[in-house]
Every structure is written in structure tokens, then in C-alpha cells.
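Those letters in the sequence shown? Residues 1 to 226, by my numbering.
The set of hints was computed from the structure by calculation and includes no laboratory data.
The structure displayed is predicted, hence computed values, not measured ones.
Cβ coordinates follow ideal geometry from the N, Cα and C atoms, glycine included.
Take these hints with a grain of salt, some might be off.
[To be verified] Simulated pairs of lysine-lysine, DSSO-like, Cα-Cα distance not exceeding 30 angstroms:
id, residue 1, residue 2
1, K14, K91
2, K147, K2
3, K195, K91
4, K91, K138
[Said to hold, decoys possible] Okay, the calculated beta carbon distance ranges per label pair:
id, residue 1, residue 2, range
5, E184, F68, 19 to 29 angstroms
6, D187, P71, 10 to 20 angstroms
7, D187, K147, 35 to 45 angstroms
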Amino acid sequence: RKMLAIIPARGGSKGLPGKNLKLLAGKPLIGHTIETALITPELSRIIVSTEDEEIARVAQQFGAEVPFMRPTNLASDNSLAIDTYKYTVDKLINYEGVDIVNYMVLLPTSPLRDASDISNSIKIFRNKNAHSVISVTKGDKPVSWFKSLDSESRLLENDITLKNRQDEDDYYCPNGSIYIFRKELIDEGKYYSEKTYAYVMPKYRSVDIDTQFDFDYAEFLLKNIS
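All chains, full assembly: derive it from the sequences and hints.
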């Protein structure tokens with residue numbers, strides 16, 4: 001059974017204004033994610049959730065569906081992503097009478113994932129009978145190297161035992177690229193359970209665009225690594 005994909009894309013952005021429509025290597029940022037989703041055989045529908053009319057228009061031009069607009073109260077700086085997922089899925093169920101047991105979320109700010117990343121994460125979800133699968137990338141530095149600062153910029157010690165670099169455990173951080181959820185997990189307000197599994201992605205496909213630097217770096221990678 002194929003899986004529904006939701007691409008949440010609001011119009012507002014403080015870090016990089018208008019980023020979802022900003023041209024990345026000659027194409028609107030959101031277009032990269034839509035095009036990759038459309039060539040992934042395991043996906044049934046690509047639904048863009050937005051409150052922005054221009055994003056909706058561009059998304060439809062690229063082949064995604066925008067069956068309804070997102071309420072503005074779910075598109076503010078303070079609104080929670082999980083509430084957008086709940087709203088979109090519940091609206092599809094009530095509006096169309098479809099049965100949605102699980103679904104994927106693809107953030108448009110991660111344009112370097114490819115179709116194999118999406119397909120392989122779905123395989124993990126199914127093979128593990130998972131509650132969720134979340135894409136991650138390996139951290140560059142051991143977690144013990146990170147410190148807090150006080151109000152006077154003094155480094156504060158943590159209570160992690162120092163080790164040689166080669167003896168440190170590997171740590172992985174969600175990269176914002178791929179999320180797969182059982183509907184019931186999100187309905188409980190959770191992303192993680194004892195059956196949450198990682199899909200590990202390489203660093204060069206894990207760029208998550210929030211600033212102009214991120215954008216320029218993604219453009220460099222798109223033009224130089226293919």
C-alpha cells in the first residue's frame with residue numbers, strides 16, 4: 001500500500017524571508033521536494049499544507065495537491081508543526097473519507113534528499129513495524145564537547161566523563177528531512193516511542209535551510225555534487 005506525503009510550507013520565515021519560494025539553483029525551494037516526492041514509487045499523493053496563496057499556486061504547478069488552505073493560526077511563529085500534521089490528516093479524512101493509518105512528512109527546507117532516501121525510510125518503517133521513522137545525520141563532534149555559557153560567557157562544565165575522541169559514542173541528530181508517523185502516535189502528541197527507528201543520511205544530503213548561509217551551502221552542493 002502506498003503512503004501519503006505531506007509537505008508543510010508556511011509563508012512566513014524570520015531566518016530567511018520567503019524561503020519556500022526562493023530560487024535554489026533556478027527552482028523554487030519547495031519545487032525540489034515536490035519533484036523528488038513525485039518520482040518516489042512508494043508515495044501515493046503529495047499534499048502541500050500552506051496558508052500562502054502563492055506557495056499553493058507554485059506547489060500545484062510542480063504537481064502537488066493543495067486540496068485546502070491551512071488556517072492562519074497554524075502558520076504563526078508560535079504554532080506547532082504537530083498541530084499542522086493533525087489538522088491536515090483529520091481534514092483529509094473528514095473531507096474525503098479516506099483511511100489514513102500512517103503518513104510521511106517532508107519538509108521543503110531539506111531539498112537534497114533523494115527518492116532513494118524516501119523509499120528506504122519507508123522500507124524501515126514497514127520492516128520494523130515502526131511507530132515512527134525519523135531521518136538523522138551523525139554529529140560532527142562528541143556530545144561531551146558541548147558546553148553551556150553563563151551570563152558572563154564562562155564555559156560551564158557538564159557532568160559527562162571525558163574520553164579520548166576514538167572512545168566517544170556516536171551521536172545522531174534529526175536532520176529535518178524525513179518523518180514517517182503512525183497517525184495514532186501523532187494523535188497522542190508524540191514523535192517518538194519505543195518503536196521509533198532512525199534512517200541515517202549522509203551529511204551532504206542533510207542540509208536543513210534556515211538561513212542564507214544554509215541556502216548558499218545547499219546551492220553549492222546542488223551545483224557541485226550530483
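Here's how the hints hold up against the structure:
no.: 1; hint: K14 <-> K91; result: 28 angstroms, holds
no.: 2; hint: K147 <-> K2; result: 44 angstroms, violated
no.: 3; hint: K195 <-> K91; result: 27 angstroms, holds
no.: 4; hint: K91 <-> K138; result: 36 angstroms, violated
no.: 5; hint: E184 <-> F68: 19 to 29 angstroms; result: 23 angstroms, holds
no.: 6; hint: D187 <-> P71: 10 to 20 angstroms; result: 19 angstroms, holds
no.: 7; hint: D187 <-> K147: 35 to 45 angstroms; result: 38 angstroms, holds
Hint check: violations occur at hints 2 and 4; the rest are consistent with the structure.
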